[in-house]
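Listed in order, the protein sequences are those of chains A and B. For the first sequence, the working numbering puts the final residue at 201, and the numbers step up evenly by one. For the second sequence, the working numbering puts the final residue at 201, and the numbers step up evenly by one.
It cannot be assumed that every hint is accurate.
A pair counts as met if it fits within one copy or between any two copies, since identical chains are not told apart.
Claimed, not checked - Below 35 Å or equal to it, Euclidean Cα-Cα: the simulated DSBU-like pairs (lysine-lysine) are:
1) K63 x K111
2) K54 x K146
3) K96 x K6
4) K6 x K64
5) K26 x K138
6) K96 x K111
7) K38 x K138
8) K26 x K54
9) K6 x K146
10) K52 x K26
11) K52 x K41
Please keep in mind that the hints were generated in silico from the structure rather than gathered at the bench.
Number of protein chains: 2
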Amino acid sequence: MTRIVKDPAERRLELIEAAESLFAKKGYEDTAVSEIVKKVKVGQGTFYHYFKSKEDILEAVAKKVVAPYVEDVRNIAKGNEGPATKVNSILNGILKANDSDLGIMKLMHQKGNHLLHQKVEKALEEGMSPIVTEILSKGIAEGVFKTEYPDESFGFLIASTLYLSHNFSWDHESRERMHTALEDITSRVLGVTDYRFHLEI
Amino acid sequence: MTRIVKDPAERRLELIEAAESLFAKKGYEDTAVSEIVKKVKVGQGTFYHYFKSKEDILEAVAKKVVAPYVEDVRNIAKGNEGPATKVNSILNGILKANDSDLGIMKLMHQKGNHLLHQKVEKALEEGMSPIVTEILSKGIAEGVFKTEYPDESFGFLIASTLYLSHNFSWDHESRERMHTALEDITSRVLGVTDYRFHLEI
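Based on the sequences and whatever the hints tell you, model everything.
In structure tokens, the structure reads:
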């Protein structure tokens, strides 16, 4: 049998995808490195060539799952819309992602994936921060936003949006009211007077 | 040997305290009802006389650990200070509780206690909401706060405060800046112009 030598980047991705699928099924805590390598059909040595530890591959999984969200924000930033419209789109993106039953949410709410949840939030923040900072600086320069604390304000808005969207049990009416409240709060926090935020229910 | 018949409220509390101590040591997931009853030296039947399930006693533990915090808020509400000063004290209380190494924090960050974390947040919200709503209504009536969304705004401020205090890794300077930002944001969100919030580092 010929031994297939894989491209290192490809092999690394294979390991990450195997880990992701096991973490989604069994949770991070109950997944052993031996199970990850078994799934990819390589030895433990190969694993430790790419990753220092199980926690190290967890961070890689977190970065992989947040990548499309960071990409969405990057695309919003590239557009021709004004800074307030861009902020509006980013907040709607967060609300939509949190509402969905997609992979990332399933993964994060799987039993034993509390640490992954933390790593995902960190990876999201690290990926999005520089892009968002640029949008906010531009908005302040243009006089659309009036605040001395743009980054902190945006951090607070994201935290609150996540807090809002975690309250799954709300009925439609409460959600609608919360969204209206968040539109008002966003205007106040960023000091916006000439733009009306609109969050989708 | 004489069988000691305990007062039902006392027995119930004993079970809650045993569960709390086991959840703190081993985590909720890895604690069995059989271990709780063994610690109190009663039979399983006694447990099920007081609680429907392990999740039921988890809720009782959550209510017990949040009780002193709800009591603090109740005492703040009773004081003679103005509504803005009261809000300021409540936010400082949250910051201080999150910073501490006390029982509740240890309990919540113990592996396997993700569900307890959720129950604690729910119990805090349920306990504090009616008290806070009264403070906010008074502040709006007196013209100290200007907002159409008092409850939502306060939820937003609490989420933001928790978000802030979860970033343990920050150095003193970043924390100071974040506190100043939060003071500014609180004024904006509640529409306060005649009071300067002051959060302790």
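Hints and how they fare:
Taking the shortest alpha-carbon separations for K63 and K111, both the intra-copy value of 20 Å and the inter-copy value of 23 Å come in at or below 35 Å. Taking the shortest Cα distances, K54 and K146 never come within 35 Å of each other, neither inside one copy (44 Å) nor across copies (51 Å). Taking the shortest Cα distances, K96 and K6 never come within 35 Å of each other, neither inside one copy (37 Å) nor across copies (53 Å). When the C-alpha separation of K6 and K64 is checked against a cutoff of 35 Å, the pair qualifies only within one copy, where the shortest distance is 20 Å, while the shortest distance between copies is 56 Å.
In this assembly of identical chains, the alpha carbons of K26 and K138 never lie at most 35 Å apart, being 44 Å within a copy and 50 Å across copies at closest. Both within a single protomer and between protomers do K96 and K111 lie at most 35 Å apart by alpha-carbon distance, with minima of 23 Å and 29 Å respectively. Taking CA atoms no more than 35 Å apart as the test, K38 paired with K138 passes in neither setting, with 50 Å inside one copy and 63 Å between copies. Proximity of K26 and K54 under a CA criterion of 35 Å is satisfied in both settings, with 14 Å inside one chain copy and 22 Å between copies.
Within a single copy, K6 and K146 get their C-alpha atoms no closer than 53 Å, and across copies no closer than 63 Å, so neither meets the 35 Å cut-off. Taking identical chains as interchangeable, the C-alpha atoms of K52 and K26 lie at most 35 Å apart whether they share a chain (21 Å) or sit on different chains (27 Å). Proximity of K52 to K41 under the C-alpha cut-off of 35 Å is restricted to the intra-copy arrangement: shortest distance 19 Å within a copy versus 46 Å between copies.
Hints 2, 3, 5, 7 and 9 from the list above are not met by this structure, while the remaining hints are.
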